[in-house]
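Chain order of the listed sequences is Y and Z.
To convert, note that position 29 of the first sequence is 29 in my numbering; the numbers rise steadily by one, no gaps.
To convert, note that position 29 of the second sequence is 29 in my numbering; the numbers rise steadily by one, no gaps.
Treat each hint with caution, since some may be false.
Lysine to aspartate or glutamate pairs mimicking DMTMM-like chemistry, simulated, CA-CA at most 20 Å apart [claimed, not checked]: (1) Z:Lys-42 / Y:Glu-48; (2) Y:Lys-68 / Y:Glu-92; (3) Z:Lys-107 / Z:Asp-1; (4) Y:Lys-58 / Y:Asp-93; (5) Y:Lys-13 / Y:Asp-109; (6) Z:Lys-103 / Y:Glu-48; (7) Y:Lys-68 / Z:Asp-1; (8) Z:Lys-42 / Y:Asp-109; (9) Y:Lys-58 / Y:Asp-76; (10) Z:Lys-42 / Z:Glu-81; (11) Z:Lys-42 / Z:Asp-17; (12) Z:Lys-42 / Y:Glu-102; (13) Z:Lys-107 / Z:Asp-82; (14) Y:Lys-79 / Y:Asp-27; (15) Z:Lys-103 / Z:Glu-81.
Because the hints were derived from the structure by calculation, they are not lab data.
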Amino acid sequence: QVQLQQSGPGLVKPSQTLSLTCAISGDSVSSNRAAWNWIRQSPSRGLEWLGRTYYRSKWYYDYAVSAKSRIIINADTSKNQFSLQLNSVTPEDTALYYCAREQSLSTLDIWGQGTMVTVSS
Amino acid sequence: DIQMTQSPYSLSASVGDRVTITCRASQSISSYVNWYQQRPGKAPNLLIYAASNLRSGVPSRFSGSGSGTDFTLTISSLQPEDFASYFCQQSYTTPWAFGQGTKVEIK
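Go ahead and model the full structure; you've got the sequences and the hints to work with.
As structure tokens, then:
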């Protein structure tokens, strides 16, 4: 079955870069039927979609406007994984971060286990 | 951007009760709504897609309805494992937006 395994640090200093990786098993990051999303959850903002990448003969990227100037999502086909980089973090970026697979009808059908990231000095 | 307004924020119910959660979209989104269950300490889990389609393996006591701007998730007879939080999500267009969630607690 398809699984997503997240990795990355749980503590990031203000102004630095948050980096998380989501390793895929049972599917391919290059699948032309899936998209690969990052979502975060906090008490103040609830579930907040950050962005996604997907491959349809070429790579596409969609980002939330709120994060567009600070966010990069990349796919690594050699490792079958995708990653999130969020630059210039502030305490407002403290949240539980999830990766998720998006399938037909834009359902988020498989989620990673979540990574709690705290932004603090 | 499309906003999703979910209600109630929380509810208390007993095992066997019928529970209804609603979600309203800020504009018409046809049937592009999905519903998720989230248990404490776990990631959200897809229950219903395209407003009324039950995901394979999800108990039939869960159902969804609605189209346009108003959507409903119903649990026909609440079971102990259903005490959790529930979220709607619009899948009409990015940015995907979620409702604020409904926490279903034991009365």
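Among all the numbered hints in the text so far, which are the ones the structure does not match?
3, 4, 5 and 11
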